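S.K.: Residues per chain are reported as follows:
Number of protein chains: 4
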Amino acid sequence: MKKYNVALIGTGFMGKAHSIATAVVPILFGAPVEIERKVVVDIDEELAQNAAKQYGFTEYATDWRDVVNRPDIDIIDICTPNDTHAEIAIAAALAGKHVMCEKPMSMTVEEAQRMQEAARETGVVTMVSYNYRHTPAVQMAKRLIEEGRIGDILNFRGYYLQDWGADPELPLSWRFNKAKAGSGTLGDIGTHVIDAARLLVGEFASVNSIVKTFIPERPLPAGRFFGPAGQASSERGKVDVDDAALTMIKFTNGVYGTIEVTRNAWGHHNQLGFEIYGTKGSIAFDYQRLNELRVAFADDPKDAFGFRTIYSGPHQPFGDKLWPVAGMGQGYIDIKSIEWYNFLKAIAEKGQASPNFDDGLQIERIADAILTSGVSGEWEEIEQPA
Amino acid sequence: MKKYNVALIGTGFMGKAHSIATAVVPILFGAPVEIERKVVVDIDEELAQNAAKQYGFTEYATDWRDVVNRPDIDIIDICTPNDTHAEIAIAAALAGKHVMCEKPMSMTVEEAQRMQEAARETGVVTMVSYNYRHTPAVQMAKRLIEEGRIGDILNFRGYYLQDWGADPELPLSWRFNKAKAGSGTLGDIGTHVIDAARLLVGEFASVNSIVKTFIPERPLPAGRFFGPAGQASSERGKVDVDDAALTMIKFTNGVYGTIEVTRNAWGHHNQLGFEIYGTKGSIAFDYQRLNELRVAFADDPKDAFGFRTIYSGPHQPFGDKLWPVAGMGQGYIDIKSIEWYNFLKAIAEKGQASPNFDDGLQIERIADAILTSGVSGEWEEIEQPA
Amino acid sequence: MKKYNVALIGTGFMGKAHSIATAVVPILFGAPVEIERKVVVDIDEELAQNAAKQYGFTEYATDWRDVVNRPDIDIIDICTPNDTHAEIAIAAALAGKHVMCEKPMSMTVEEAQRMQEAARETGVVTMVSYNYRHTPAVQMAKRLIEEGRIGDILNFRGYYLQDWGADPELPLSWRFNKAKAGSGTLGDIGTHVIDAARLLVGEFASVNSIVKTFIPERPLPAGRFFGPAGQASSERGKVDVDDAALTMIKFTNGVYGTIEVTRNAWGHHNQLGFEIYGTKGSIAFDYQRLNELRVAFADDPKDAFGFRTIYSGPHQPFGDKLWPVAGMGQGYIDIKSIEWYNFLKAIAEKGQASPNFDDGLQIERIADAILTSGVSGEWEEIEQPA
Amino acid sequence: MKKYNVALIGTGFMGKAHSIATAVVPILFGAPVEIERKVVVDIDEELAQNAAKQYGFTEYATDWRDVVNRPDIDIIDICTPNDTHAEIAIAAALAGKHVMCEKPMSMTVEEAQRMQEAARETGVVTMVSYNYRHTPAVQMAKRLIEEGRIGDILNFRGYYLQDWGADPELPLSWRFNKAKAGSGTLGDIGTHVIDAARLLVGEFASVNSIVKTFIPERPLPAGRFFGPAGQASSERGKVDVDDAALTMIKFTNGVYGTIEVTRNAWGHHNQLGFEIYGTKGSIAFDYQRLNELRVAFADDPKDAFGFRTIYSGPHQPFGDKLWPVAGMGQGYIDIKSIEWYNFLKAIAEKGQASPNFDDGLQIERIADAILTSGVSGEWEEIEQPA
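If you read the sequences in order, they're chains H, S, V and R.
Once you know that position 79 of the first sequence is 79 in the UniProt record's numbering, the rest is easy, because the numbers rise by one and skip nothing.
Once you know that position 168 of the second sequence is 168 in the UniProt record's numbering, the rest is easy, because the numbers rise by one and skip nothing.
Once you know that position 166 of the third sequence is 166 in the UniProt record's numbering, the rest is easy, because the numbers rise by one and skip nothing.
Once you know that position 244 of the fourth sequence is 244 in the UniProt record's numbering, the rest is easy, because the numbers rise by one and skip nothing.
Hints listed in this document are in silico derivations from the structure and should not be mistaken for laboratory results.
Treat the numbers as computed from the prediction; the structure is a model and nothing was measured.
Check before you lean on any hint, since a few could be wrong.
Since the list gives no way to pick one copy over another, a pair counts as held whenever it fits inside one copy or between any two copies.
Stated by the list, open to error - Below are the BS3-like pairs computed for lysine-lysine, each with C-alpha atoms no more than 25 Å apart in a straight line:
#	residue 1	residue 2
1	Lys345	Lys16
2	Lys302	Lys53
3	Lys302	Lys321
4	Lys53	Lys16
5	Lys53	Lys321
6	Lys350	Lys53
7	Lys3	Lys142
8	Lys321	Lys16
9	Lys53	Lys345
10	Lys3	Lys16
11	Lys280	Lys212
12	Lys302	Lys280
13	Lys53	Lys3
14	Lys212	Lys250
15	Lys350	Lys2
16	Lys321	Lys142
17	Lys280	Lys350
18	Lys142	Lys53
19	Lys280	Lys238
With the hints as extra help, turn the sequences into a complete structure.
M.R.: What follows is the structure, given as structure tokens:
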């Protein structure tokens, strides 16, 4: 049986998370295809070497270009800052490698288009790591909607609230830098909500937005910096990305909604969520309580009508493969593992993963329109998928 | 000591609630001025007679015109459908009566302006019954903001979600009829959120909205109908008001926000609420848990940082006058009683109540701009208070 | 139509609450019998006079003995400290007056027995003010149980948690004094849970308990003191009542359970609640969220099974008489008003109120056994009602 | 560097969970000692073979006796039904192997004593898999208590509520069979709460209990059965273990408390939790929301006092090693991985793990006394650790 060798590019927190997922998948679910953590790449050799040891990779390297064309490599796993996604992904796809790419897919719509084209050219399996959609409670929401159990959707309210950006003394990491990150909060976390909205409701027709930068200057970081923590230097630099974005949405199917994202909402740490109202019921989800889905059914008896808190468990998607009783606690590892399982399953079945580069491109278009509307103050139409 | 005689116009649920409030105020708080429930008015004589007996009024009448100029009447309390507010309030104000007027203030901005002018001409005390702002937890939120405890406000998210309108077989009561109600969900409940936003954040500069009617036809009611319940006839009529409205807001002080209101959100019965994020903390309130205010303070120790659930009690506004320990349960009666206390206190002190006709007019302007934007699809500027 | 004149004995917070209830009942529910707040009594004349004015009584008096036999008085409403209940209630009952008596009914089982006998002798209507059982959500729990919707009850867990007693510098009010209060936390709030357990589950067969006094000394109060607040003097006195009690219960029907009560649970202000597990479902209630009842039904579909949060509203007991939509907010006033409505209804129908002196006596027996078991360390049998 | 070879005995759900943990630990935390999943053992050869493949073990075997003395094996990981723990653990310990043993430790106190003695004889590192204590929020509770932030503990209320046992048609798996399981709910889940109570409060002095079997007969399972699911046969068998247990506790330090455990609480799936009240604050935890710790501090300003919901994150135990922001979602895998990390760390440091066989023995003594008291109806003293 063919073994699929994985090359991980990027050794930060996200590379670690993917390494855990690839270690967990075969044990937890059974591997759709056999995989090996083969090479890990970081431009910093020490980091690469340490990661190889800690993350369980056979080899390490410092230049992804040396790896992407190796015939023994089957999967390229991109966990680097956003400004490198396109170049690596295109090279990988053209080399016939399946590509897992962390979100957001790219810096620009144009980059995403070229990534999609490259993947289509060789027919490789692609996935963009909008991992939160893989949460069983979210998939359960999708199933309930598809089964018509809340009727026709009327509107959608999505949000992603964090507070790690709220401290003005937090150093200006790459996430606050347009040249590195493409955009700010919208690209970083807003795209997760766009992904959820497309999954659960449908395509976006147009958006109308407010986009804000609350903290225009921050201390420059002292040294290499990845993620929310890090040391500050005494110099300050300009933040050129959004701290928050708010958009109204018209979906192509007539549903309307909003998305609100901010990294300046004290007390909300990783609060991705949504409420959906339908003609026969409502659904609410909040990732900070990722094991819970709240659902109200209009046809309940009047004296027993109210939101039910349904804990994720055996009777939900992936329930047979996770824990034997509800309430044992799905967490971030479970979500990343399901994501990798879905990706590997698509490889095994020579099918398409979700969300793939087509989805990623569409999400970039929507995010781009939101930023454009933030400047224009007008409804911006979204180019629809081909 | 002068006794203030109250004439209540309208004997429905709201007239009953005001009667309870006027009975409770002197016992609970001590009366700022002595009042008597003197005359109750309903065009239906039987209803008027029954109300006099049940609500504790000395007399009843069937035409408010007979009452509004009576020299022994000091306060006119308007609890009738929206299309009558302006005429009664203007007559009352011009007759020198203090006016309590249920919300929304009027059918149109023009009506509200004339009401305001009448009140200004005679200098009577006015109040519009945006009662929810009187909730002690909301007043506590205001105090925390004024004390700077969440820093500068960044954004506001307000909502009012109900589900009594979600059943398409619910009869077409006056609340679904533009000629009687002026507008639909926006006027009925959205104006409460506008009131809260103005109280807590400030004046609206402009709005950009989506306005929806989900259920365009309903059965006509069989007989007189007031409120959410009632019998249906076999005929159907057209709904010409909004079922839901969503708006983005730019406040004059640079804060931005959203308001979302709907009567079609299954599982949400009377869910008025808001979240406010500031530079130093966050505040969240939800009327369905009206005894709780949730607050996060950024300067809490990192290992003990998170939203606090603060129960309303002795240490909050009106805490000395309500119940001796927190958690005993403030309810709708408490809120309506505080509203009346504030109104009577303004009369006693010959001052101005809040929210008064100036506030009510401004809320009408904002609501009007939201509906206009729902049609134009553009940002609509709000005319500011003189 | 006969008017029933009420004499209120005691002008503290509880007298005020009863006065509000008697003012609200006729307006909110329609009066089962017509009542008038006739005389209010306090040993302190100034307090009596002020109360008459504020609470809306026609007269005041300083000695309840002058009032209890007045032929024009029909109802005696006892809102005085516990050590006076028996004497007043017995005199009132023997004088043929209907008696509303604040909880706990008495200082001792023996007192309660004599009160019950007096009431039986004249056949007057009695009620003990275990008001929390009148909460519509609690009555809804009772209805669900009676309808078999959670099957046979397996066990009961009740609690009443407060924190006003947790501060060791809080003065030694009458509530910490055995001679005035009879017992401490158990009598004060534990009896409410016993009442709920009897209402929902059945009679207690035996109890096994731990009883604790955490704070053995407190500053003596400076001056007359009623309720949780008040000024301290520099002297200290001994607390001779319980701060907390915990008991296991065997009910006569085979159900088992626990009750835990404390006034030393920081963060819990007035948290009366219970969970009940049955063979077909579960019910949970917490008074700090008194508008919510949480229910789980075992026969729900597996993928939609979980606790439902049911807001109190039109479809629950008293729903037709309270607010038109759920979530408007029932509060303490509603509960006390329902209590009075039930009392007056029993008078109108010449029936028996619940909970009456029979219930109050049985609660005293149970409370007494809990205290006894706290000393003996053994299971104590409860004498059953005749 | 020495590599530690692990032999896993038992291939059910729990063996799978341990395999995931041993795969995750080195990646997530860095391995305190290098480990290899060497041999997996199941009496059923096919299960053993499949497990070797899926769980990532090099070899498989069908008799643990062949493995326990192998010189290349360093760690024996016992994930078999309870009736085999003692024999395997004693053999392993005497062979000088470090032992991870699933809970409950043993069938009887006597077994646990022999296990402890064997481990002491050879000085191996032992751990009993009371995994829930490793939850970072629980460890945070412990830290807050140790730092005195809730003052002196007054009382403890622990519970573990499940509902998988509530269906009377659920087959009679080994968990309902005394000869296989030792006890029922108490041993299965109650021991987790005892472990938490000892961790957070201290040693138990005596207990007084009620122990219940609600469903005395169940269908016999069709075929081999492990865990809550499985097929029923048409025959029925007798349940000879407890479905629920309730105990009052006196701790040696004067604190008192309760523990309530049941597998018949519909709607509660895996609800392990506790509340602890201290002289300066309160702590509450509920595993179904394992990322949240609720804490109230008495010295908060009165107008901002209330339970804080603190999400697990970087500032809690293991926070630097888990996810970069709070709210990303710790789950069951994280907890089992921390457990294994702690075990391996003790091996690396040649120290003692917690909870070890000493702890496990003491928990057996307490559980035994609870069952004894359930029969005697009296306070049962607990033999204290040597």
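S.K.: Look at each hint and say if it fits the structure.
M.R.: A quick look at each hint next to the structure:
1. Taking the closest pair of Cα atoms, Lys345 and Lys16 come within 25 Å of each other both inside a single copy (21 Å) and across two copies (21 Å).
2. With identical chains, the CA atoms of Lys302 and Lys53 are never at most 25 Å apart, being 60 Å at best within one copy and 32 Å at best between copies.
3. In this assembly of identical chains, the alpha carbons of Lys302 and Lys321 lie at most 25 Å apart only when taken from different copies (17 Å versus 36 Å within one copy).
4. Taking the shortest alpha-carbon separations for Lys53 and Lys16, both the intra-copy value of 12 Å and the inter-copy value of 24 Å come in at or below 25 Å.
5. When the C-alpha separation of Lys53 and Lys321 is checked against a cutoff of 25 Å, the pair qualifies only between copies, where the shortest distance is 16 Å, while the shortest distance within a copy is 29 Å.
6. In this homomeric assembly, Lys350 and Lys53 come within 25 Å of each other (Cα to Cα) only across copies, at 24 Å, whereas the closest approach inside a single copy is 32 Å.
7. With identical chains, the CA atoms of Lys3 and Lys142 are never at most 25 Å apart, being 33 Å at best within one copy and 46 Å at best between copies.
8. Within a single copy, Lys321 and Lys16 get their C-alpha atoms as close as 23 Å, and across copies as close as 11 Å, so both meet the 25 Å cut-off.
9. Taking the shortest alpha-carbon separations for Lys53 and Lys345, only the inter-copy value of 18 Å comes in at or below 25 Å, while the best intra-copy value is 27 Å.
10. Taking the shortest Cα distances, Lys3 and Lys16 sit within 25 Å of each other both inside one copy (21 Å) and across copies (22 Å).
11. In the homo-oligomer, the alpha carbons of Lys280 and Lys212 lie at most 25 Å apart only across protomers (18 Å), although the nearest pairing inside one protomer, at 36 Å, exceeds that limit.
12. Taking the closest pair of Cα atoms, Lys302 and Lys280 come within 25 Å of each other both inside a single copy (14 Å) and across two copies (19 Å).
13. In this assembly of identical chains, Lys53 and Lys3 lie within 25 Å of each other by CA distance both inside one copy and across copies; the values are 21 Å within and 14 Å between.
14. In this assembly of identical chains, Lys212 and Lys250 lie within 25 Å of each other by CA distance both inside one copy and across copies; the values are 21 Å within and 12 Å between.
15. For the homomeric pair Lys350 and Lys2, the shortest alpha-carbon distance inside one copy (14 Å) is at most 25 Å, but the shortest distance between copies (42 Å) is not.
16. Only within a single protomer do Lys321 and Lys142 lie at most 25 Å apart by alpha-carbon distance; the minimum there is 19 Å, versus 33 Å between protomers.
17. In this homomeric assembly, Lys280 and Lys350 never come within 25 Å of each other (Cα to Cα): the closest approach is 38 Å inside a single copy and 47 Å across copies.
18. Taking the shortest alpha-carbon separations for Lys142 and Lys53, neither the intra-copy value of 39 Å nor the inter-copy value of 33 Å comes in at or below 25 Å.
19. Within a single copy, Lys280 and Lys238 get their C-alpha atoms only as close as 49 Å, which misses the 25 Å cut-off; across copies the closest is 21 Å, which meets it.
Hint compliance for this structure: hints 2, 7, 17 and 18 are not met, and every other hint is.
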